[in-house]
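Single-letter residue listing:
Number of protein chains: 2
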Amino acid sequence: MPNKKIRIALDVMGGDFAPINEINAAISISEKYSSEIEIILIGKKSIIIEELKKQNKATDSFEIFEADDVITMNDDPTDAIKNKKESSIYKGLEFHKNSNSDAFVSAGNTGAMLSLSTVLLGRVKGVARPTIGSFFPSVSEYPVLVMDVGATVEPKARYLYEFAVMGSIYYKEIIGKSNPSVGLLNVGEEEIKGTDIIKETYKLLKNSNLNFIGNIEGRDIFEAKSDIVICDGFVGNIVLKFAESFLNLLKSTIKDYSEKSFLNKAKVGLMIPVLKDVLKSLDYQNYGGVPLLGVNGVSIIGHGKSSPKALENMILTAKDMVNADINLKIEKALLT
Amino acid sequence: MPNKKIRIALDVMGGDFAPINEINAAISISEKYSSEIEIILIGKKSIIIEELKKQNKATDSFEIFEADDVITMNDDPTDAIKNKKESSIYKGLEFHKNSNSDAFVSAGNTGAMLSLSTVLLGRVKGVARPTIGSFFPSVSEYPVLVMDVGATVEPKARYLYEFAVMGSIYYKEIIGKSNPSVGLLNVGEEEIKGTDIIKETYKLLKNSNLNFIGNIEGRDIFEAKSDIVICDGFVGNIVLKFAESFLNLLKSTIKDYSEKSFLNKAKVGLMIPVLKDVLKSLDYQNYGGVPLLGVNGVSIIGHGKSSPKALENMILTAKDMVNADINLKIEKALLT
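From first to last, the protein sequence lines are chains A and B.
So that you can map any letter, position 170 of the first sequence is 170 in this note's numbering, and since no number is skipped, the others follow by simple counting.
So that you can map any letter, position 212 of the second sequence is 212 in this note's numbering, and since no number is skipped, the others follow by simple counting.
Check each hint, because a few of them may be wrong.
Restricting the straight-line Cα-Cα distance to at most 30 Å, the calculated cross-link-like pairs of lysine-lysine (DSS-like) are [stated by the list, open to error]: (1) A:Lys241 to B:Lys255; (2) A:Lys267 to B:Lys276; (3) A:Lys267 to A:Lys280; (4) A:Lys255 to B:Lys305; (5) A:Lys280 to A:Lys329; (6) B:Lys309 to B:Lys4; (7) A:Lys267 to B:Lys4; (8) A:Lys177 to B:Lys199; (9) B:Lys177 to B:Lys332; (10) A:Lys260 to B:Lys309; (11) A:Lys156 to B:Lys199; (12) A:Lys225 to A:Lys309; (13) B:Lys260 to A:Lys193; (14) A:Lys177 to A:Lys267; (15) B:Lys177 to A:Lys156; (16) B:Lys193 to A:Lys82; (17) A:Lys255 to B:Lys225; (18) B:Lys156 to A:Lys193; (19) A:Lys225 to B:Lys241; (20) B:Lys305 to A:Lys260; (21) B:Lys309 to A:Lys267; (22) B:Lys241 to A:Lys156; (23) A:Lys177 to B:Lys260; (24) B:Lys265 to B:Lys280; (25) A:Lys255 to B:Lys177; (26) A:Lys255 to B:Lys199; (27) A:Lys4 to A:Lys260; (28) A:Lys280 to B:Lys225.
Please keep in mind that the hints were generated in silico from the structure rather than gathered at the bench.
Work out the full structure, taking the sequences as your base and the hints as a guide.
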């Protein structure tokens, strides 16, 4: 018996390489998953039609939902709520909220996705604050989910506990590891370490039925000491952006070394292709965007620079979230 | 006219490679700076004598101040204050406090150095909380001083302001860059971003006579957007330990790649020596330990794994701090 197709609304205007990468991903997914997924393109119709032609696809291959405006990466999220009601993110989320799709996916402005999703979709019952996580590479075969990375900079202990519940459900259902472990990011392992909020959170986690392994430290993130790392959005955001800058430091260090002598330059010339190959596995694009957890819908946020491959992974994550009924599971876990 | 020699007490028992590296550094410094620096060795006399013999140095080359006990890396700092009064750190700090030396240097337990220095030496007038910073490598020719990295996990805005004052003086006098810039670590550049404490600190820094450049983000640390990065000890400690784990992730990623095929293994074999050479410039040992700023004395803390070279740099930093009269400058800056 054929299932009903999952309808996923895709923001075609949001990413740094929009609409090319978005249309490319939509075409690829619709070919590979024609019986399971239906993509609805959200954006300016004329631009979409033009890009479909460029990519040799019939202009009526997709349902298109018109959105005239776009929220740029530099737009202020608070401002966008008031003044960008015709934007692809706003219209796409409304489209999803009105049950015209099962999910919404965008590689656009993260802050705008975060605040508009929260305002337009509302919260899952039992959730005080939605949260956004991020996947970090690790020495393990599994990525590490750090959350929150910016939704709430000064959470109460209860919010942090909720993040851990939502993260555990997401990790189990989407990453596919049963009973994922939860660590609380702190300045030491002992229960008495850290701020008052962190100490209170420790108690909540210890008394929960989560697989809580205790406090972990900064060095334990990449070591995958826990699958999920719980922290406030202030610390998480700083750690995330700091991690993203490491490769730049490495590049700059290699460049300085290379410029010291011709011999160094030659050595580096031989090393670079190998190093690039090695570093591929650290690429964020493997993880298919991050979900905004706790909103009453399925809203997937991707990096602005998302490749077609990354966008495809985001769409598949959306499908998995719908299939796994993540929000119902979160509601049950938090209300009981 | 010859100056009076600067007397520096050196903890010979503290580091991971004690007493070998410590004695080695002491011998080297006493040879290179015989007219400027006098080293006093703090530790168990019998062990010191034995090591001096091993390193072919006359056993009466140094003044030795007996300390029978040692605080290990695993000892709890709070416990050490009560129960480790015969340890090299405790005795060395007492020795320094009683004006028998101009400074104290240790590569031992950081937490114990921090709390014992604060308790035994007391605070510089005008300083509410001493702070410990750490040097980060950067794309600039100058290292970046991040502070606090663990002394105070929940500081008031005033403390953070004081950290910035102390850091600026230290950076100018010891690193030798006039008018060093100060950035406040935050989740965005706008003045309205961050926690209440951070917003309050922003105002204090903006109205100060420091070279405050505003908020900086996680990605700006390695970019050296500011010379000094101000944050609370919770964030700073996590970021520091996280940074130290980057190279392990890189190693593990290279290993995984190498194990995929014989060709990969061969490629990696050729790359490793070059990469090691490149990464040398990221070595923390270049920076000569970190000072505990705001204590009424000169107390220099080094990494447990400090090499003789790193220990020599720590001793030279101590000398520079004494010569520059850092504490008097801090007192003047904070009391006016």
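Each hint tested on the structure:
1. Restraint check: the Cα-Cα separation between lysine 241 of chain A and lysine 255 of chain B comes to about 25 Å, which is no more than 30 Å; the hinted pair holds.
2. About 12 Å separates the Cα atoms of lysine 267 of chain A and lysine 276 of chain B, which keeps this hinted pair within 30 Å; it holds.
3. Under the criterion of a C-alpha separation no larger than 30 Å, the hint pairing lysine 267 of chain A with lysine 280 of chain A is consistent with the structure, at around 21 Å.
4. Restraint check for lysine 255 of chain A and lysine 305 of chain B: satisfied, since their Cα atoms lie roughly 28 Å apart, inside the 30 Å limit.
5. Distance hint between lysine 280 of chain A and lysine 329 of chain A is unfulfilled; the C-alpha atoms sit about 34 Å from each other, more than 30 Å.
6. With a C-alpha separation of about 25 Å, the suggested pairing of lysine 309 of chain B with lysine 4 of chain B holds against the 30 Å cut-off.
7. Of the pairs offered as hints, the one joining lysine 267 of chain A and lysine 4 of chain B is violated, with about 49 Å between alpha carbons and a cut-off of 30 Å exceeded.
8. For the proposed pair lysine 177 of chain A and lysine 199 of chain B, the alpha carbon gap of about 40 Å is over 30 Å, so the pair is violated.
9. Only pairs whose Cα atoms come within 30 Å are accepted, and lysine 177 of chain B paired with lysine 332 of chain B is accepted, the gap being roughly 20 Å.
10. Restraint check: the Cα-Cα separation between lysine 260 of chain A and lysine 309 of chain B comes to about 23 Å, which is no more than 30 Å; the hinted pair holds.
11. Distance restraint check for lysine 156 of chain A and lysine 199 of chain B: the Cα-Cα separation of roughly 19 Å lies within the 30 Å cut-off, and the hinted pair is therefore satisfied.
12. Proposed proximity of lysine 225 of chain A and lysine 309 of chain A is supported: the alpha carbons are some 29 Å apart, at most 30 Å.
13. Restraint check for lysine 260 of chain B and lysine 193 of chain A: the C-alpha separation of about 41 Å exceeds 30 Å, so the hint is violated.
14. Note on lysine 177 of chain A and lysine 267 of chain A: the hinted pairing is violated, with a Cα-Cα distance of about 42 Å set against a maximum of 30 Å.
15. Distance restraint check for lysine 177 of chain B and lysine 156 of chain A: the Cα-Cα separation of roughly 41 Å exceeds the 30 Å cut-off, and the hinted pair is therefore not satisfied.
16. A hinted pair counts as satisfied when its Cα atoms are at most 30 Å apart, and lysine 193 of chain B with lysine 82 of chain A qualifies at roughly 20 Å.
17. Among the hinted pairs, lysine 255 of chain A with lysine 225 of chain B is consistent with the structure: their alpha-carbon atoms are about 19 Å apart, no more than 30 Å.
18. For the proposed pair lysine 156 of chain B and lysine 193 of chain A, the alpha carbon gap of about 18 Å is at most 30 Å, so the pair holds.
19. Between lysine 225 of chain A and lysine 241 of chain B the CA atoms are separated by roughly 14 Å; this keeps the pair inside 30 Å, and the hint holds.
20. Restraint check for lysine 305 of chain B and lysine 260 of chain A: satisfied, since their Cα atoms lie roughly 29 Å apart, inside the 30 Å limit.
21. A hinted pair counts as satisfied when its Cα atoms are at most 30 Å apart, and lysine 309 of chain B with lysine 267 of chain A qualifies at roughly 27 Å.
22. At most 30 Å may separate the alpha-carbon atoms for a hinted pair to count; lysine 241 of chain B and lysine 156 of chain A meet this at roughly 25 Å.
23. The suggested pairing of lysine 177 of chain A with lysine 260 of chain B holds, with an alpha-carbon distance near 24 Å, which does not exceed 30 Å.
24. Taken as a hint, the lysine 265 of chain B and lysine 280 of chain B pair is honoured in the structure, with Cα atoms around 23 Å apart against an allowance of 30 Å.
25. Between the alpha carbons of lysine 255 of chain A and lysine 177 of chain B the distance comes to roughly 24 Å, so the proposed pair stays at or under 30 Å and holds.
26. Restraint check for lysine 255 of chain A and lysine 199 of chain B: not satisfied, since their Cα atoms lie roughly 37 Å apart, outside the 30 Å limit.
27. Distance hint between lysine 4 of chain A and lysine 260 of chain A is unfulfilled; the C-alpha atoms sit about 63 Å from each other, more than 30 Å.
28. A C-alpha spacing of about 27 Å is found between lysine 280 of chain A and lysine 225 of chain B, which places the hinted pair at or below 30 Å, so the restraint holds.
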